[in-house]
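J.: Residue numbers (the numbering used here), protein chains in the order written: chain A, 27 to 300; chain B, 10 to 155.
Don't take every hint at face value.
Said to hold, decoys possible - Between beta-carbon pairs, the in silico distance windows are: (1) A260(A) x R128(B): 20 to 30 Å; (2) D25(B) x Q122(A): 14 to 24 Å; (3) G121(A) x T155(B): 44 to 54 Å; (4) A162(A) x G60(B): 51 to 61 Å; (5) Q116(A) x R141(B): 35 to 45 Å; (6) R178(A) x G60(B): 43 to 53 Å; (7) E137(A) x D25(B): 15 to 25 Å.
Unchecked claim - Part of the chain A face toward chain B, derived, beta carbon under 7 Å: (8) A97; (9) G103; (10) A108.
Please keep in mind that the hints were generated in silico from the structure rather than gathered at the bench.
Beta carbons are placed, not taken as given, at the ideal position from N, Cα and C, and that holds for glycine.
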Amino acid sequence: VPVSVSCGLVRDKRGKIIGVLAVARDVSERKRAEEEIKRLNVDLQRRAAELSTANQELEAFAYSVSHDLRAPLRSIGGFSQAVLKRYASQLDAQGQNYLQRVCAASQRMAELIEDLLTLSRVTRAELRRGPVDLSALVAAVAAELRQGQPERQVEVVIADGLVTTGDARLLQAVLENLLGNAWKFTSKSDPARIEFGHTIVDGQPTYFVRDNGVGFDMGYADKLFGPFQRLHSADEFEGTGIGLATVQRIIRRHGGRVWAEGEVDQGATFYFTL
Amino acid sequence: MQNDDVYILLVEDNEDDAELARLALEETGISTPVVLATDGVEALDYLFATGAHADRDASVMPRVVLLDINLPKVNGFQVLQRLRGDAATELLPVVMLTSSDEQHDVQASYRSGANSYVRKPMDFSQFVETVRQLGAYWLLLNVPAT
Numbered sequence: 027v028p029v030s031v032s033c034g035l036v037r038d039k040r041g042k043i044i045g046v047l048a049v050a051r052d053v054s055e056r057k058r059a060e061e062e063i064k065r066l067n068v069d070l071q072r073r074a075a076e077l078s079t080a081n082q083e084l085e086a087f088a089y090s091v092s093h094d095l096r097a098p099l100r101s102i103g104g105f106s107q108a109v110l111k112r113y114a115s116q117l118d119a120q121g122q123n124y125l126q127r128v129c130a131a132s133q134r135m136a137e138l139i140e141d142l143l144t145l146s147r148v149t150r151a152e153l154r155r156g157p158v159d160l161s162a163l164v165a166a167v168a169a170e171l172r173q174g175q176p177e178r179q180v181e182v183v184i185a186d187g188l189v190t191t192g193d194a195r196l197l198q199a200v201l202e203n204l205l206g207n208a209w210k211f212t213s214k215s216d217p218a219r220i221e222f223g224h225t226i227v228d229g230q231p232t233y234f235v236r237d238n239g240v241g242f243d244m245g246y247a248d249k250l251f252g253p254f255q256r257l258h259s260a261d262e263f264e265g266t267g268i269g270l271a272t273v274q275r276i277i278r279r280h281g282g283r284v285w286a287e288g289e290v291d292q293g294a295t296f297y298f299t300l
Numbered sequence: 010m011q012n013d014d015v016y017i018l019l020v021e022d023n024e025d026d027a028e029l030a031r032l033a034l035e036e037t038g039i040s041t042p043v044v045l046a047t048d049g050v051e052a053l054d055y056l057f058a059t060g061a062h063a064d065r066d067a068s069v070m071p072r073v074v075l076l077d078i079n080l081p082k083v084n085g086f087q088v089l090q091r092l093r094g095d096a097a098t099e100l101l102p103v104v105m106l107t108s109s110d111e112q113h114d115v116q117a118s119y120r121s122g123a124n125s126y127v128r129k130p131m132d133f134s135q136f137v138e139t140v141r142q143l144g145a146y147w148l149l150l151n152v153p154a155t
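With the hints as extra help, turn the sequences into a complete structure.
T.: As structure tokens, then:
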């Protein structure tokens, strides 16, 4: 039987030692509990390691599938484009139309694959933390968007001097996605307005991208960040539905969280903490 | 000015990709002949005039080698390392032409001595444009070592 022994000296009024007191306790129960905790810890560590391996395998699988899909897709797209270009005269209008659909579908699949690869890369990439000037990044992304569609009039308001710590390359991807969305979903708003700013939510410093675009139904708010989730048809607004999943992964890897608020036809605001 | 000795060596195991490259060259109007090697061993045999290509005149080198990475038998990096390790081919311009945009592939290519790294675009029109630019640079602008 495992015992714990405590000893003490017994003295009389003058401080003279007159005896020794020893108490022995049966600690088999405590011992057993300790053993159990040790065993659970080992078990937990093993499970965490297994989970991490499974995760890595899944990521590697997603990556290699996406990567290997490229070669046959390049053939489908390439040869159908070549037929359209060289042999169009031998096809009637319907034949040409069908082939054009093949081309368009393969182009769309190519975009999906590229986005999936980006998502997979974001998860695997090592986080390189450093100071990041978010205001400057937003300005650069906005300038690029303007360059892509110089005919659009969009008021972009950027709060000055918002500097944080994080992986600059990944945070740029976050802002490209959030601003790209805001840009896209304000295409029918007049005047279109996009704002990047900073606020405090639940005591946490929080950044936001706000637009006055088509917004969304809050009933779908939890679906926004799932891969391939889209709230609009491809005819209405283009996109693969992987952008916000990428944003969420990057933000989570930074230890932050991202969420959205919106209302149909009343714009949307995407918040994130880091 | 077209020189009779000028040709491109394309090392590509995927038949479709090789045909698309040929099509793309036709689209650009580049008439430089293309020699195709379908794996790393064949590429090395061709360049060093050994094996099945033992009767080739080894002194006539391609103006540029377009080299894929994922090749059967001997991969693109290994081909490149062999080329850089031999006096006859150490200065031969080699462009990696691959679908990979993984940083470790890009870095390994340059470490192995690649002169350039170009991604095969998914879209055929973009691929034609890539081939046009490659041709303009490596066949016209670039001065090879002789």
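J.: If you test the structure against every hint from before, which numbers come out violated?
T.: Going through the list in order, the structure violates hints 5 and 6 and respects the others.
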